[in-house]
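K.L.:
Chain by chain, the residues:
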Amino acid sequence: MDWAVKSPPIDIASIGDLKPLEILYEFDGPRIFLSEVAAGEVLCFLADDDGKHFRFIASPTNKNIIDKLKNGLQTLRDTLNQPWVWFIDLTYDGIPQAAWKGTLADAPEDVLPEKGLMLWPHLEPIFALRAIGDGLSEGNVPISVIRQVIEGATTSLKKIANSVFEESKRQGRKANTIRQFYDLPTLGFAYNSFEAAFRVPETQQSPLSLTESEEVVAVFSKIGEKLETAFDWALDEKTRQASGPLPIELLEALEKLIPPKTGIVRSIEVRGKFFPNPVARYCLTRETSNTVRKALVAARASQERIVKVQGLVREFDKDNFSFSLRNTDDGKEHSCLFPPEFFDDLIEAFNNDGRVTISGRENIKTGEIEVSLVSRDNPSA
Amino acid sequence: MNFPANWQNCPPDDASPAAGIYFRVGRGTIPVEDDFRSQAELGKALDGDECLRQGLSTLREYADAVHLRRVNPRLGSIIYKGELNSSYGKSKLTSSRKSPSHTTLWAYIGINKASFFAVCKG
Chain X
1 MDWAVKSPPI DIASIGDLKP LEILYEFDGP RIFLSEVAAG EVLCFLADDD
51 GKHFRFIASP TNKNIIDKLK NGLQTLRDTL NQPWVWFIDL TYDGIPQAAW
101 KGTLADAPED VLPEKGLMLW PHLEPIFALR AIGDGLSEGN VPISVIRQVI
151 EGATTSLKKI ANSVFEESKR QGRKANTIRQ FYDLPTLGFA YNSFEAAFRV
201 PETQQSPLSL TESEEVVAVF SKIGEKLETA FDWALDEKTR QASGPLPIEL
251 LEALEKLIPP KTGIVRSIEV RGKFFPNPVA RYCLTRETSN TVRKALVAAR
301 ASQERIVKVQ GLVREFDKDN FSFSLRNTDD GKEHSCLFPP EFFDDLIEAF
351 NNDGRVTISG RENIKTGEIE VSLVSRDNPS A
Chain L
1 MNFPANWQNC PPDDASPAAG IYFRVGRGTI PVEDDFRSQA ELGKALDGDE
51 CLRQGLSTLR EYADAVHLRR VNPRLGSIIY KGELNSSYGK SKLTSSRKSP
101 SHTTLWAYIG INKASFFAVC KG
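First to last, the sequence lines map onto chains X and L. Mapped onto the numbering used here, the consecutive letters of the first sequence carry residue numbers 1 to 381. Mapped onto the numbering used here, the consecutive letters of the second sequence carry residue numbers 1 to 122.
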């Protein structure tokens, strides 16, 4: 091998034959598997092969840890990264030649699985955002960055999901719960920069039928396609010239993902399984931010306005955070979307027939208001 | 077009003529024969399934090849793509949850395995 293990050697008699008891990943033979040694169960990872010997990393493990690995709740690297590991050289016919006890830090970076990688491809996050900036590392991530990444993910997905469901409604299709497509379960956080990863929601009721499951996949694919369209537009001038202005909902989704003009975050990297190219990574820089903001100012000037409307809350949708505002002071009925922090005030107004004053951005064409402030006109005593 | 005479009952009866796109991972900017040697040719996995040892692991999905590259960076950073047909040999989807598009490829005698593959540009 071209890397020497600097950890203390151990007696190879304690290794046994490292036979795979359960193979977790194979390509040209088992690469990741469970085995049993005198000290207990180990997770074995084929780190290197010099043409005569295999070098495995064997990490102590248990059922709980392996279940997390198999269910995508823990990355491969984190599962291997135990308080101690063995480095074991085996001949091709499985005879241990040498072994050492050390830590994962004793291995060169390029023999280890990438940070953040899941065991199997289907466990990879459906959507992941990474904030990149100088000084972002574990223990050193300001709360503003965490908030930006989480809100960016949720809000951008919500905008795209609403757009997808509007199209479905126009086609006469029943609208499913939109929330499941943007209020995603968190897969985890990584502190190489700062990354938040999200997975496909599991149903909490009985398993989805095949048809329902296919519909969910189809919606996520549609969201991925729209977001990819937005990124292609934002990242390539030729695409912008060829395709013309982006729809405002895509610009507003981008607005939530781009890095701010100042501060610690210089760029945001986006990836996810739902993109048409599931291995693509989109890097949004401050230059991208300038492009998006300029286009958004122009679009909002002609398509949106700031409004303040008073009325009664009717047809409250708890799952999709929307309601209809009627008996308004402007004489129009408005569909309204609101952020979760206004839920309690609005549902109370709905239940008690209380008037509210809302303000936010109104889409001039549809009359739909994106609520940013709520005031209860007659709060209950 | 024949398989080696010492391959007993291999490839299996349910293997089909090679057809379509197959991916492997390697290190060189040009695929070479060493990137396409089976476990049997390399003397590895002596207690593994003999027929699978005679074949070559490939993946049918590009995303799976990218994933493999990230699991084992030492395997190489280059993805090779081959568009194969029945003149190459036979293949069988030997997938599982562990590797959904894993396909074992068995080449006929005399086939220059590497020559069917080129670096995949993504």
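For the record, the hints were derived by calculation from the structure and aren't laboratory data. Quantities reported herein were computed from a predicted structural model and do not represent experimental measurements. The beta-carbon is built from N, C-alpha and C at its ideal position, and this holds for glycine as well. The reader is advised that the hints may include incorrect statements.
Said to hold, decoys possible - With the Cβ distance kept under 7 Å, some of the chain L side facing chain X (calculated, not the full set):
| id | residue |
| --- | --- |
| 1 | 60 |
| 2 | 63 |
| 3 | 77 |
| 4 | 81 |
Stated by the list, open to error - In silico lysine-lysine, PhoX-like type, Cα no more than 20 Å apart, as pairs:
| id | chain 1 | residue 1 | chain 2 | residue 2 |
| --- | --- | --- | --- | --- |
| 5 | X | 365 | X | 308 |
| 6 | X | 238 | X | 294 |
| 7 | X | 52 | L | 44 |
| 8 | X | 19 | X | 52 |
| 9 | X | 332 | X | 365 |
| 10 | X | 19 | L | 92 |
K.L.:
All hints, please: hold or fail.
P.N.:
The hints, checked one at a time:
Nearest Cβ of chain X to the Cβ of residue 60 (chain L): about 12 Å, over the 7 Å cut. The hint is violated. Evaluation of the residue 63 (chain L) hint against chain X yields a held restraint, the C-beta minimum of about 5 Å falling below 7 Å. Interface restraint check: residue 77 (chain L) against chain X, minimum CB-CB distance 9 Å, threshold 7 Å, status violated. Hint status for residue 81 (chain L) relative to chain X: violated, with the closest Cβ pair at about 14 Å, above 7 Å.
Between residue 365 (chain X) and residue 308 (chain X) the CA atoms are separated by roughly 17 Å; this keeps the pair inside 20 Å, and the hint holds. Between residue 238 (chain X) and residue 294 (chain X) the alpha-carbon distance is near 17 Å, which keeps this suggested pair within the 20 Å criterion. Between residue 52 (chain X) and residue 44 (chain L) the alpha-carbon distance is near 9 Å, which keeps this suggested pair within the 20 Å criterion. Pair hint residue 19 (chain X) plus residue 52 (chain X) holds up; C-alpha atoms about 18 Å apart against a cutoff of 20 Å.
Distance check on the hinted pair: residue 332 (chain X) and residue 365 (chain X) sit about 13 Å apart at the alpha-carbon level, within 20 Å; holds. With a C-alpha separation of about 26 Å, the suggested pairing of residue 19 (chain X) with residue 92 (chain L) is violated against the 20 Å cut-off.
Hint violations for this structure: numbers 1, 3, 4 and 10, all remaining hints satisfied.
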